[in-house]
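> All chains, full assembly: derive it from the sequences and hints.
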Amino acid sequence: MNDSLGTTGLILNEPLLWEKGKAGRCGFSLPKRDVDPSPLSRELVGDGPDFPDLSEVDVVRHYTRLSQWNFGVDTGMYPLGSCTMKYNPKTNERQASIPGFSGAHPLIPESLCQGVLQVMAELEVHLAEITGMDAATLQPAAGAHGELTGMLLIHAWHQKKGAQRTRIIVPDTAHGTNPASVALCGYRPVPVASDDQGILSAEAVAGVMDEDTAGIMITNPNTLGLFEENILEIARIVHAKGGLVYCDGANMNAVMGMVKMGKIGVDVMHLNLHKTFSTPHGGGGPGSGPVCVKKELEPFLPVPRIVKQEGRYALDHDRPDSIGRLQAFYGNVGVMLKAYSYIRTMGPEGLKKVSQLAVLNANYIKERLKDTLHLPYDRPCMHECVFSDKFQAPHHVTTLDMAKRLMDYGFHPPTVYFPLVVAGAIMMEPTETESKEDLDSYIAALKAIAEEARTDPDLLHHAPRKCKVRRLDETAAARKPCLAG
Amino acid sequence: MRYLPHTQEDIQSMLQAVGVDHLDHLFSTIPRDCRLKEALDLPAPMTEWELNDHMDALAGQMPGPGHQAFVGAGRYEHFIPESVSYLLGRSEFVTSYTPYQPEMSQGTLQAIYEYQTLAARLLGMEVATASHYDGATALAESLLMAVRITGRKRVALSSLIHPLYRQTVQTYFAPTGYDAVELPYLPDGSTDLSSLSQLDDLAGVAVQSPNFFGVIEDLQRAGEEIHKTGALFISCFTEALAYGLLKGPGAQGADIVCGEGQSLGIPLSYGGPGLGMIAAGKAHMRKLPGRLVGKTTDLEGRLGFVLTLATREQHIRREKATSNICTNNSLCALAAVMYMASLGKTGMRELALLNHDKAEYMKSRLKQAGFAIPFERPTFNEFVVEFPKGFEETRKRLLEKNIVPGFALKDFYPELYDHYLVCVTETKSREAMDALVREVAA
Amino acid sequence: MKEISELNLPEDVRYAEDHEWARIEGDIVRVGLDDYAQDQLGDIVFVELPRVGAKFQKGDEFATVESVKAVVECYLPVSGEIIGVNQALEDAPELVNQSPYADGWFVEVRPDDLSEYETLMTAGQCLEKLKGAA
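Protein chains in written order, with the numbering used here: chain A, 172 to 656; chain B, 5 to 446; chain C, -3 to 130.
A portion of the hints provided could be inaccurate.
For lysine-lysine, the following DSSO-like pairs were computed, each having C-alpha atoms within a straight-line distance of at most 27 angstroms [stated by the list, open to error]:
| hint | chain 1 | residue 1 | chain 2 | residue 2 |
| --- | --- | --- | --- | --- |
| 1 | A | 561 | C | 125 |
| 2 | B | 367 | A | 203 |
| 3 | B | 324 | A | 651 |
| 4 | C | 65 | B | 286 |
| 5 | A | 637 | C | 125 |
| 6 | A | 193 | B | 251 |
| 7 | A | 637 | A | 618 |
| 8 | A | 479 | B | 286 |
| 9 | B | 41 | A | 434 |
| 10 | B | 324 | A | 431 |
| 11 | B | 324 | C | 54 |
| 12 | C | 65 | A | 651 |
| 13 | C | 127 | C | 65 |
| 14 | A | 639 | C | 125 |
| 15 | A | 651 | B | 291 |
| 16 | A | 466 | B | 41 |
| 17 | C | 127 | A | 561 |
| 18 | B | 291 | C | 51 |
| 19 | A | 524 | B | 41 |
| 20 | B | 324 | C | 127 |
| 21 | B | 400 | C | 51 |
| 22 | A | 203 | B | 405 |
| 23 | B | 400 | A | 203 |
| 24 | B | 251 | A | 203 |
| 25 | A | 331 | B | 157 |
| 26 | C | 51 | A | 561 |
| 27 | B | 41 | A | 523 |
| 28 | A | 191 | B | 251 |
| 29 | A | 479 | B | 232 |
| 30 | C | -2 | B | 157 |
| 31 | A | 479 | B | 400 |
| 32 | A | 523 | A | 607 |
| 33 | C | -2 | A | 561 |
| 34 | A | 465 | B | 41 |
| 35 | B | 232 | B | 291 |
| 36 | B | 291 | C | 65 |
| 37 | B | 286 | A | 651 |
Calculated from the structure, these hints are not laboratory results.
Values in this document were obtained by computation on a predicted structure and should not be read as measured data.
Shown next, in the form of structure tokens:
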């Protein structure tokens, strides 16, 4: 334990914002008043919000201290499955904050905004190329938003054909956003089980596909980290009955330059710029969920479309078949600038290398840990692998206990209890930006924890010990919610 | 390559551990007919220095220093303190994940709890969520929430809600079978609620204030009319700063408040990311979409924060979730709380007054120059002005001088053909306003 | 979590497939969630109950029970009208964990057809089913 990455040190307590400050303080440089006050009817005027008054020093110390309670990718490894917590390049931040981009209002004439429109137009082309599709929209704000967009596109496509269907097939390994997006679009999710190899069989899909099914929503590679090997046949079965294939592209990091989704039967898919394309997670967002489509779905894409007319970029709203708008403006441009910078930095060979090394890292972890943690599918994996807590069950140590103990060792825990098809699932995705020595350190930590499970289970039941807080009472938080101070 | 740490030795050693000869063999489970034979057709990689030059050149084709855009319409130019940008750049905030493991995410969790609190206080409501994508999607989600709560199937929206918000609502509602009706507006630039009594099965009625014309609506009266129908009153906004000065929607009977928080420390950034805000009373807490941070204690009695009421969300409730939202706009919420903390009660009031007073100055100067202000009702920092026929020429001339004199309403309100929505925030000096008036009057 | 032998399955109630229990009390039927279900769920944080006056058929979803990380739908074991709901669960959902057959009751039903009660499992049948599934 002396060699453990995780250690304790001096971090500072910090009260809540409104427990600080003094009336009259201000941390903002108020602009000079160069006009006279103008009266406003007393009925319209409120008391103003009850905010604390803080100096700049108050605010800076407050948030500096809070940040020190956080773990980030810059601190250490985050092997969260299907999250692709890769390193966030700093040059991306520089590009997104160039004043010409950050200061641009979305409703000023396009003639004044050629630079950002070019970035967006080129990004659409690059994402379509990477996925093997014909067109892209950058408007969705996140992956789930992209999923909704995809469902709406499928819905519109069927509507145009004059027949509305009511079902979408959703595999049992699907991320929770998948059935939620299906339901938001008024469809009923129809489950299909993965086989004992952890993938979908063509027979299982054929068994549920019918003429009332609008399509299937697959994730490839799936959330077990396995490539859906039967995808060509599955797509054929769905297409034969007039359905479309949606692919949740959250796991694209495994197959860039290796597979083009558009060539293996996918009609529409989303990407997560904050996963595969290195934009930061920001503690929960903002992300960006562009959607790429085959030609036949292009007319339905959200407006506006970026077009090039006589060498100039413009926004085209004249799309009668469009599903409309998914948000007020054009998407999370600040995030797009970072993803664009990443693609321009890596180039085609670089992106292929990313996928190769992501898959190498995951397989390395899988091989080195499979005698320590139970591996339900002992097969080559893609960029992530799934273990379970079966070996530790005799010691009454759970996935949760091991996850909490991993924090003491200086690592963010992997994804736990997902996918649902594996009881006590532990889903690990190291990403390609982790070095061999960091992987070895992580593997050593898990081996030490497995040993602790044998010799001192109680240590794990009460982990973590070194974080700013111990395990939190989530029951009380849900029974008597206190959501504001 | 600086983000890929593997040396050749590393790769060889790891391939050996995996039991494979070559990186390509790791992909053996991918059927032959699925595998790409050719390379991706993408531009060659750039060095950091080439990328800087490339992006600087593209940014050079954007509005530069001296650019004056008197445009709001859902996205507002406000000063952002350097301290906020600086704090927001701390990588423990930027590069962290959603705080599902609270013990190593107390920074994000306390900050978002603080954001929820200040957002609720700003709007005069009991509970605010941890963020949505933008004001438009927040409105769509709020209307769906009203349907969930009441079990009714129709909503009504003022036609003075931002046109792009209404379009977004139409997109969300299209496959649901629920009905969305638009309410007309009165000659004074406020919403006409008189048709409400003829609508039945109303789940929620939404009114924006200040509305798209910048006019401050009588939310108290609107709430009273709406509640007579048994529907929920949804109060919507695009300019969060207005509530530094104006009476809040919570104090005027709103059941759900939703809107855009971009004004609170988030740059224009060509329209995104934004900050969707939703707030409601505790009675409706469990029907809210999106994440919520709650206060609790740890097993040694220390104060701590966790994500809570997660059974509403997609990762647990799946197809029965209150929303499909997973990734939200957390870092933007963080920017907002840092901004609100920097301004404080005193600063917020003064800044909002400055916005109002500067816009009023501009309005009076335009009136003096002979331009018509069609809606006499009080406004906050935006208002509608009618420019004369042939204004297009003046407009082109102004664009060449790097000035954008407002947003043309004709595409959204064809009956207001020569009308423009002019926005004045604290970023517009008296000189700049005088210059604009001089130019348009010429 | 409890072993099957540790479960409390009283004889004076009947059990439905999804672990709701029902007990005849004079003219009404009282309904709740059995010991197995509350134990599996863990700490219960919220119970959503129907309104008084709501009518359901046997097998209709009438309530949901939430722990921190799970939600379970409950199906009414007998058709009828809800004539009483346990308001105490609003402030103290933990009553379901502590006293599933007494203070943790969910609803009182005016039953349409008492013969439906006879089709529910006895304590013995419920125990056998649990053992069989183990």
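> With reference to the structure, classify each hint as holding or not holding.
So, going through the hints one by one against the coordinates:
no., hint, in the structure
1, A/561 - C/125, "25 angstroms, holds"
2, B/367 - A/203, "20 angstroms, holds"
3, B/324 - A/651, "23 angstroms, holds"
4, C/65 - B/286, "21 angstroms, holds"
5, A/637 - C/125, "45 angstroms, violated"
6, A/193 - B/251, "24 angstroms, holds"
7, A/637 - A/618, "19 angstroms, holds"
8, A/479 - B/286, "50 angstroms, violated"
9, B/41 - A/434, "12 angstroms, holds"
10, B/324 - A/431, "33 angstroms, violated"
11, B/324 - C/54, "22 angstroms, holds"
12, C/65 - A/651, "16 angstroms, holds"
13, C/127 - C/65, "26 angstroms, holds"
14, A/639 - C/125, "46 angstroms, violated"
15, A/651 - B/291, "16 angstroms, holds"
16, A/466 - B/41, "22 angstroms, holds"
17, C/127 - A/561, "21 angstroms, holds"
18, B/291 - C/51, "23 angstroms, holds"
19, A/524 - B/41, "15 angstroms, holds"
20, B/324 - C/127, "32 angstroms, violated"
21, B/400 - C/51, "67 angstroms, violated"
22, A/203 - B/405, "25 angstroms, holds"
23, B/400 - A/203, "31 angstroms, violated"
24, B/251 - A/203, "25 angstroms, holds"
25, A/331 - B/157, "25 angstroms, holds"
26, C/51 - A/561, "45 angstroms, violated"
27, B/41 - A/523, "12 angstroms, holds"
28, A/191 - B/251, "26 angstroms, holds"
29, A/479 - B/232, "51 angstroms, violated"
30, C/-2 - B/157, "45 angstroms, violated"
31, A/479 - B/400, "21 angstroms, holds"
32, A/523 - A/607, "19 angstroms, holds"
33, C/-2 - A/561, "18 angstroms, holds"
34, A/465 - B/41, "20 angstroms, holds"
35, B/232 - B/291, "22 angstroms, holds"
36, B/291 - C/65, "17 angstroms, holds"
37, B/286 - A/651, "11 angstroms, holds"
Consistency with the previously given hints fails for numbers 5, 8, 10, 14, 20, 21, 23, 26, 29, 30, ordered from lowest to highest.
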